[in-house]
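Colleague: Heads up: the sequence shown runs through residues 8 to 343, numbered per the numbering used here.
Any given hint could turn out to be false.
To be verified - Below, simulated DSS-like cross-link-like pairs (lysine-lysine); rule was C-alpha separation at most 27 Å, straight line: (1) Lys305 with Lys293; (2) Lys115 with Lys148; (3) Lys54 with Lys115; (4) Lys90 with Lys148; (5) Lys115 with Lys156; (6) Lys302 with Lys257; (7) Lys293 with Lys304; (8) Lys293 with Lys54; (9) Lys115 with Lys90; (10) Lys54 with Lys114; (11) Lys114 with Lys90; (12) Lys114 with Lys156; (13) Lys90 with Lys156; (14) Lys257 with Lys305.
Claimed, not checked - Cβ pair distances, simulated, as ranges: (15) Ile256 with Gly160: 34 to 40 Å; (16) Arg266 with Asp157: 41 to 47 Å; (17) Gly113 with Asp288: 18 to 24 Å; (18) Lys257 with Gly100: 36 to 42 Å; (19) Lys54 with Asn206: 39 to 45 Å; (20) Gly113 with Asn190: 39 to 45 Å; (21) Asp55 with Gly113: 34 to 40 Å; (22) Glu132 with Glu98: 23 to 29 Å; (23) Thr159 with Gly56: 33 to 39 Å; (24) Glu292 with Glu98: 37 to 43 Å; (25) Tyr75 with Gly100: 16 to 22 Å; (26) Gly56 with Pro238: 28 to 34 Å.
Just so you know, the hints here were simulated from the structure itself, not pulled from any lab data.
All residues carry an ideal CB built from backbone N, CA and C; glycine is no exception.
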Amino acid sequence: MKGNISVAVGIFALVFIFGIVCFPTEKTKCSSSDATSGDILVFSAEKDGDSDIYLMDIEGFETIQLTYSPSYQENPAVSPDGKYIAYCSTESGTGEVYIMNIDGSGKKRLSIGGGQHPTWHPSGEWIYYAKPIGLRPFSYKYAICKVRKDGTGLQRITYFGYRNICPKISHDGMYLYFADDPNWTPDDRIVRTNADGSNPEIILDRNGVTEGKFSISPDDSTLLLTVSENPDGYTEPKNLYFLDIETGIKTRIFNRTGRESYRNGCWSPDGNKFAYSYSSDYLYEKYDLYIYDMKSKKSIRLTNTPNINENEISWGHLGSSSLVACWNFDEGKGNV
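Given these sequences and hints, build the entire structure.
Modeller: What follows is the structure, given as structure tokens:
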């Protein structure tokens, strides 16, 4: 299929054109307060040694496969206008940043020499991403770079720390947030700079154990963190926390027990909900998608796929300028 899909046609035209993927879901219907018409989740799903990118209509639960590749297609991020998806693909042999239309057509490579975890500037013109810039034994040095959505204007932004990953831009466009690991240890610190990379400030030090996974609330006041609750500070089980940016106070969200694990929290555009991945037993069960309602304090299950890991969620709105995106930053290929 060529070209973009108009806002008037919306998500149901996407379903009609592409067909519904044989992707089992729990058909628990949302009420009108649970989703807004046009809201979508774009996420990666891993099965049998590779992963692809899917699009889900939150209201109707129809799921559409957008990429078909034996390699890894990861880190999806929907553009603010709902027309494009930036993502990472390993089809060239190393992770690179690509862009495609919201319907999966028009794929174009943007990065050269490696790139991952793209995120959009609120203007919709620039894409920020983590780029490897040096090599030492067993690890890359990363910096945050930005490039226009047409592939021009590549610029390096950060010169702070060692391993800058998982960039996010505040919704007012003033600040850049990213995770940094200066010594290649399990936990990361969260750094905030001006949008041009100047004036770095550590807002969460290394006791945060966030592994580079967080998203910014629409009002720019709160980070939604994935935190390891394993004593090793890296592996499962994991949980979700709020971090008040002004006070630095962390608040645990779920009362996790046993081998339950929560990760990949992603704010809705209105800030009233967030999507996340959950496993009832991280040793034996794959991760499924859920939405948590901040007012009711209840979760809605979106998928029930025992052989598929669903992760790296981006919450968008077709034709809207509102978007909050987040990523899972597990380096390992397997149970992502």
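Colleague: Taking the Cβ atom of glutamate 292 and the Cβ atom of glutamate 98, is their distance within the range 37 to 43 Å?
Modeller: Given range 37 to 43 Å: violated, Cβ gap about 29 Å.
Colleague: For the pair threonine 159 and glycine 56, does the Cβ-Cβ distance stay inside 33 to 39 Å?
Modeller: holds, 35 Å
Colleague: Hint check: lysine 54 vs lysine 114, CA-CA at most 27 Å. Holds or violated?
Modeller: holds, 22 Å
Colleague: Is the Cα-Cα distance between lysine 115 and lysine 90 27 Å or less?
Modeller: holds, 14 Å
Colleague: Does 36 to 42 Å hold as the CB distance between lysine 257 and glycine 100, or does it fail?
Modeller: holds, 39 Å
Colleague: Below or equal to 27 Å on CA atoms is what counts here, so check lysine 293 against lysine 304.
Modeller: Roughly 24 Å separates the two Cα atoms, so the pair holds.
Colleague: Given a hint of 18 to 24 Å, does the C-beta separation of glycine 113 and aspartate 288 actually sit inside it?
Modeller: Violated - the Cβ-Cβ distance for glycine 113 and aspartate 288, about 40 Å, lies outside 18 to 24 Å.
Colleague: Given the hinted pair lysine 114 and lysine 90, is their Cα-Cα distance within 27 Å?
Modeller: holds, 13 Å
Colleague: Mind checking the alpha carbons of lysine 114 and lysine 156 for me, to see if they're no more than 27 Å apart?
Modeller: Holds - the C-alpha atoms of lysine 156 and lysine 114 are around 12 Å apart, at most 27 Å.
Colleague: Measure nothing beyond the straight line between the CA atoms of lysine 115 and lysine 148; if it is 27 Å or shorter, mark the hint as holding.
Modeller: holds, 25 Å
Colleague: Does the beta carbon distance between lysine 54 and asparagine 206 stay inside 39 to 45 Å, or does it fall outside?
Modeller: holds, 43 Å
Colleague: Hey, lysine 302 versus lysine 257, does the alpha-carbon distance stay inside 27 Å?
Modeller: holds, 19 Å
When the structure is compared with the earlier hints, violations turn up for hints 4, 17, 21 and 24 and for no others.
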